[in-house]
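*Asks:* Listed here are the chains, written in short residue letters.
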Amino acid sequence: MNEQDATVNPVSDKTPPLVRATDLAKTFDVSPPWLNRVIERQPRLLLHAVDGVSFDIQRGQTLALVGESGCGKSTVARLLVGLHAPTRGGLQFDGVDAHAAFKTSEGRHLRRRIQMIFQDPYASLNPRWRVNDIIAEPLREHGIENAPAALRERVDALLLSVGLSPQDRIKYPHQFSGGQRQRISIARALATSPDFLVCDEPTSALDVSVQAQVLNIMKDLQREQGLTYLFISHNLAVVRHVSDQVGVMYLGRLVEIAEKHVLFDSPRHPYTRMLLDAIPKMHDTGRARTPVSGEVPNPLNPPAGCAFNPRCPHANERCRNERPDLVSAGRVRVACHAVAEGRI
Amino acid sequence: MSLLDVKNLVVEFPNRHGVLRAIDDISFSIAPGEILGVVGESGAGKSLTGASIIGLLEPPGRVSSGEIWLEGQRIDNLPYEEMRKVRGRRIGAIFQDPLTSLNPLYSVGRQLIETILTHLPVSHQEARKRAIDLLKDTGISAAEQRIEHYPHQFSGGMRQRVVIALALAAEPQLIVADEPTTALDVSIQAQIITLLKTICKKRGAAVMLITHDMGVIAETCDRVAVMYAGRIAEIGPVNAVINHSAHPYTTGLMGCIPDMSEDRERLHQINGSMPRLNAIPAGCAFNPRCERVFERCYQERPDLFPAGPTEAACWLHAGGGSKNEVGGVAA
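First to last, the protein sequences are chains A and B.
Residue numbers for the first sequence follow this note's numbering, beginning at 1 and rising by one.
Residue numbers for the second sequence follow this note's numbering, beginning at 1001 and rising by one.
The set of hints was computed from the structure by calculation and includes no laboratory data.
Quantities reported herein were computed from a predicted structural model and do not represent experimental measurements.
Heads up, a few of these hints could be off.
[What the hints assert, rightly or not] Computed spacing ranges between beta-carbons, pair by pair: (1) B:1282 x A:109: 51 to 57 Å; (2) A:39 x B:1204: 53 to 59 Å; (3) A:29 x B:1099: 25 to 31 Å; (4) A:103 x B:1265: 40 to 46 Å; (5) A:318 x B:1201: 39 to 45 Å; (6) A:42 x B:1042: 41 to 47 Å; (7) B:1155 x A:318: 49 to 55 Å.
The C-beta atom is built at its ideal place from N, Cα and C for all residues, glycine as well.
Only chain A is shown next, with the shape it has when bound in the complex (with noise of 0.2 Å):
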């Protein structure tokens, strides 16, 4: 694996990463209660939400993860900030493993360098809560600031990083649109000072405008506190703007990784051709397109062989038969027999 990271990181070997995934995998159980088992003889459904991703995220780099719903992107997320236990696999969190340390008393201060960032902005606040209580959160639960002083100047300094301003510390959520409470998640998940962010699609709920606004913002904080980001997105467009590097999931699985550009201008795998293709072109009005046919499968019963085979246009007998694994092919890794045999 780490010979496979080396071509798509080409740093790697100098600077260990801040963030590595070792074949993380989650799975959830979701079979019927024990009682109904029995009486229709129905076996356990597992759902195999997360199977065995691998990546590693350098310090002050954007990895960005994308993929259509279901493919277990928002999974990840919850993994990598330990919301979920892995059920295999490990996380590497600058040299410690992390999902190990979350469960003693080192874990308080791993916490306080990984945060998040939701997608709904509406619904991550509390309602009830001032927006200096939200933002002091965290600062008064690590520990970090308890003198009231000491605890009003942080807050105040944290809006204005998200430019917000200080007088509205007084204010409550719904005071509020949008957009600026995005800001004040942004700000909350900043309070801790911490080194990585993870942000499930935070700018999914936001309108383009504002979108942009939110954009520039972690962009701004990136380079002035040297952050490093894991952004979900379904938006290859978003994406392209934010990322260093980009993962492409469907069903669980990683199939492509690379660098921004060399994704974006030769994609290697059949489903990131078709996501690029998908998305409507601004300037170029009124352009026909043939769609890819098909849909996600379900994920309790995915295909065997290649996940993607059914929509495949270069599907064979290989690929609905033998799963292939995420292998370096030039400068990206991509999980297709298609690529590997040199067919595509």
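Fit chain B to the given chain A structure using the hints.
*Replies:* Leaving out everything else, chain B in the frame of chain A:
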């Protein structure tokens, strides 16, 4: 002659603090077979425009002045029962969430047949045959079997296909599609947009496509209206509005969208956000966020002026488009 004419439409919501004006004097028309896109951010009034046309404004919202004409017939003041006959028969509707637009208790076949029988003088047998043909046309394979299925047995994209089939069931001349692909994944979105475009062209139905996705508009529409705070900011052929926009808001909106073909360190941003309905600024509603604002913008509200190939509600173009240099703002 145009198929749909909206003249000086005003939609208001009375509440205990006064009257909120959600749509403020908009006029546009749709030609037969044309696809008109309506874009704007949340709260711009796009969906309300669509709802007023299909006569489904939720009370206390009301059309307080203005007229809506469909093929020479005024439809905004029709009694409820009359409007019910127009809706479905002459104007079809497609909404955002395909699960809520279908009745979960009836099979899709029953819903299609009911719609056809309500509006067209055909026998049950014929209606069923028509329903199967519609499902086939919308790309549902094994339509003969699928017609017996219930909405929950379809995936999101398939449900939206059923909704499109329902909207087309009585062969309306106009389809109002309100965010038809917003709830779908990109690959499915591409399929649905292509389907909507080809099937409406084939049947000669005009479409009013309401969406916030500029990419979808660019690819699908003939003309586009950009709405801001209840008014039309700019309207014109889609190519002209996207590539040579005349209104600073349109230009800003284009600059906000990350582009697949170029790299930018920062996105252009329009500061602030859309004003609330109870605090719309005097003069041009866009003036607090506009980069090219001047004296007149604070005092008078601009009407649509011709600005090159498009029409823009902006004082920069009051002289007939001579200052049409706003295109540089996004750079």
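*Asks:* Determine for every hint whether it applies to the structure shown.
*Replies:* Taking the hints in turn, this is what the structure says about them:
1. B:1282 x A:109: 51 to 57 Å: Distance hint for residue 1282 of chain B, residue 109 of chain A holds at roughly 54 Å.
2. A:39 x B:1204: 53 to 59 Å: The hinted range 53 to 59 Å holds for residue 39 of chain A and residue 1204 of chain B, with Cβ atoms some 56 Å apart.
3. A:29 x B:1099: 25 to 31 Å: Holds, at about 26 Å.
4. A:103 x B:1265: 40 to 46 Å: holds (41 Å)
5. A:318 x B:1201: 39 to 45 Å: holds (41 Å)
6. A:42 x B:1042: 41 to 47 Å: Because 44 Å falls inside the window, the suggested range holds.
7. B:1155 x A:318: 49 to 55 Å: violated (28 Å)
Going down the numbered hints, you'll see the structure goes against just number 7.
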